[in-house]
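Engineer: Could you put the whole structure together from the sequences, leaning on the hints where they help?
The opening position of the sequence shown corresponds to residue 236 in my numbering, with each subsequent residue numbered one higher.
Treat each hint with caution, since some may be false.
Below, computed lysine to aspartate or glutamate pairings styled on DMTMM-like, alpha-carbon distance capped at 25 Å [stated by the list, open to error]:
no.	residue 1	residue 2
1	K494	D439
2	K494	D559
3	K585	D559
4	K494	D555
5	K585	D595
6	K494	E441
7	K585	E564
8	K494	E564
9	K494	E399
10	K494	D420
Distance windows between CB atoms, simulated [unchecked claim]:
no.	residue 1	residue 2	range
11	V520	E564	17 to 27 Å
12	E412	W347	36 to 46 Å
13	S453	N346	32 to 42 Å
14	E412	N467	43 to 53 Å
15	L567	Q612	19 to 29 Å
16	T469	I410	26 to 36 Å
17	W270	F569	55 to 65 Å
Calculated directly from the structure, the hints in this document are not laboratory data. Values in this document were obtained by computation on a predicted structure and should not be read as measured data. From the three backbone atoms N, C-alpha and C, an ideal C-beta is built for every residue, glycine too.
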Amino acid sequence: MSGNEGTKKGPEGSGIDEETQLLTVPSWKRTLSRWRRSFRRGWKLYKQSKAGLLGLGIMLGFVFMAVFAPWIAPYDLDFLAPQEDVFKSDTVWEDIAANASLGLDDPMAENWYPPVGVSGTERLEQILIFTDGGHAIRYDVDDVALEGGRGLQITGNTTFIIPENITRIERTYFIREHFTAYAGDTIYELTYDNMAIRTEVPLDFEPIWYSNVWNRWSPQNNVGEYLQCFCNETTLAMYARIPPNPNYGEFRERRFYEKVDMDDFNETNGTRIIGEPIMLNVPLVVNGSLMVVPTDEGIVAFFLDYNRTGTRVRWVAIGDPVWDITYEEIGLEFEREVIPILDRPISIAKEDPSEALGKDRIVLATDSQFIYAVHRQNGSVNWSATLVTSGMRNPRPLGIYPTFRGD
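Structural biologist: In structure tokens, the structure reads:
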């Protein structure tokens with residue numbers, strides 16, 4: 236019998252006994268061998284279960300997408316999102332033709348203002364452009380079929396002579412359709428057909444900022460009024476148009492105009508207006524008829540003073556301040572400095588669907604990322620929020636405007 240007959244062979248039949256193998260095989264190989272055996276046992280279980288194979292496939296799919304996502308994505312690896320939304324739009328070109336018979340000898344020498352769109356019941360029908368030199372051109376617009384869809388086409392134009400120094404025109408529908416035009420210290424109402432002067436209202440001062448137009452007139456509400464206010468740094472003015480009330484035998488609309496100086500009231504003495512006011516005439520609520528004005532010290536709400544007999548309006552005027560709140564008071568509420576932006580610092584808003592009448596809050600935009608809201612009824616502080624943007628840090632808004640629910 237050989238002297239090796241009692242020796243225990245290793246697992247591979249290598250002739251190395253188990254004790255010698257434990258001393259000579261590295262520990263990482265032994266660990267790898269144990270993992271291999273565990274993997275084989277697990278794989279046998281997965282092969283016996285369809286749900287297990289499905290789960291494994293989903294997991295491997297996630298791993299693949301995570302690793303190769305930059306090459307699978309439909310955009311370039313260096314793609315940068317645009318800072319502003321980009322929309323495709325139709326483009327219409329039209330030369331401004333001279334009209335010597337109306338004094339428009341050199342259109343390029345005129346100072347043209349942004350166009351005004353005139354829409355019908357379904358689409359844009361006309362485009363109006365005008366100058367402060369006393370000319371306006373109205374272009375007829377048609378909706379035509381184009382390759383790949385539909386587009387706009389200018390089909391004709393008409394030139395008009397209008398008052399000079401007009402810098403703002405708004406299409407208005409109050410009892411009848413016309414244009415409201417603003418020229419320095421004068422308001423004009425121009426007829427819709429030929430833009431002739433129908434009414435001229437002297438303001439006795441030159442506004443810088445104009446409010447929204449509060450126009451509640453409609454064929455169904457034929458006693459609804461037209462209201463607007465405007466201002467410069469020191470003066471606030473109100474313009475009201477009251478339709479004829481057939482219940483009292485009236486046949487012509489009436490106009491009321493009044494202006495006040497900010498120094499006329501104790502609450503606003505020494506303050507200066509810094510931006511556009513807001514006109515409100517929400518019916519059936521407390522302090523629903525207001526002119527809200529941003530000043531260099533805070534927000535002030537003036538009462539819109541109606542004198543009525545039943546449903547008949549005898550006059551409309553600017554009343555006393557109803558409430559005021561300073562920017563310092565708003566800042567103390569949230570322990571931060573509040574500095575309003577200029578020109579368009581306030582707007583109206585409806586926050587909750589339960590507010591059936593809406594416009595219950597005045598929203599203030601500041602030169603930081605914060606906006607604030609105060610209650611329309613009494614000027615008390617309501618809430619503060621932070622502007623969220625994707626492309627800039629600490630945004631400074633240029634203006635704040637109402638949503639479709641708040642205008």
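Engineer: So, for every hint listed, does it hold in this structure?
Structural biologist: So, going through the hints one by one against the coordinates:
no., hint, verdict
1, K494 / D439, "holds (9 Å)"
2, K494 / D559, "holds (19 Å)"
3, K585 / D559, "holds (20 Å)"
4, K494 / D555, "holds (12 Å)"
5, K585 / D595, "holds (6 Å)"
6, K494 / E441, "holds (11 Å)"
7, K585 / E564, "holds (23 Å)"
8, K494 / E564, "violated (28 Å)"
9, K494 / E399, "holds (24 Å)"
10, K494 / D420, "holds (12 Å)"
11, V520 / E564: 17 to 27 Å, "holds (24 Å)"
12, E412 / W347: 36 to 46 Å, "violated (24 Å)"
13, S453 / N346: 32 to 42 Å, "holds (36 Å)"
14, E412 / N467: 43 to 53 Å, "violated (30 Å)"
15, L567 / Q612: 19 to 29 Å, "holds (21 Å)"
16, T469 / I410: 26 to 36 Å, "holds (33 Å)"
17, W270 / F569: 55 to 65 Å, "holds (59 Å)"
Comparing the model with each numbered hint stated earlier shows that hints 8, 12, 14 do not hold.
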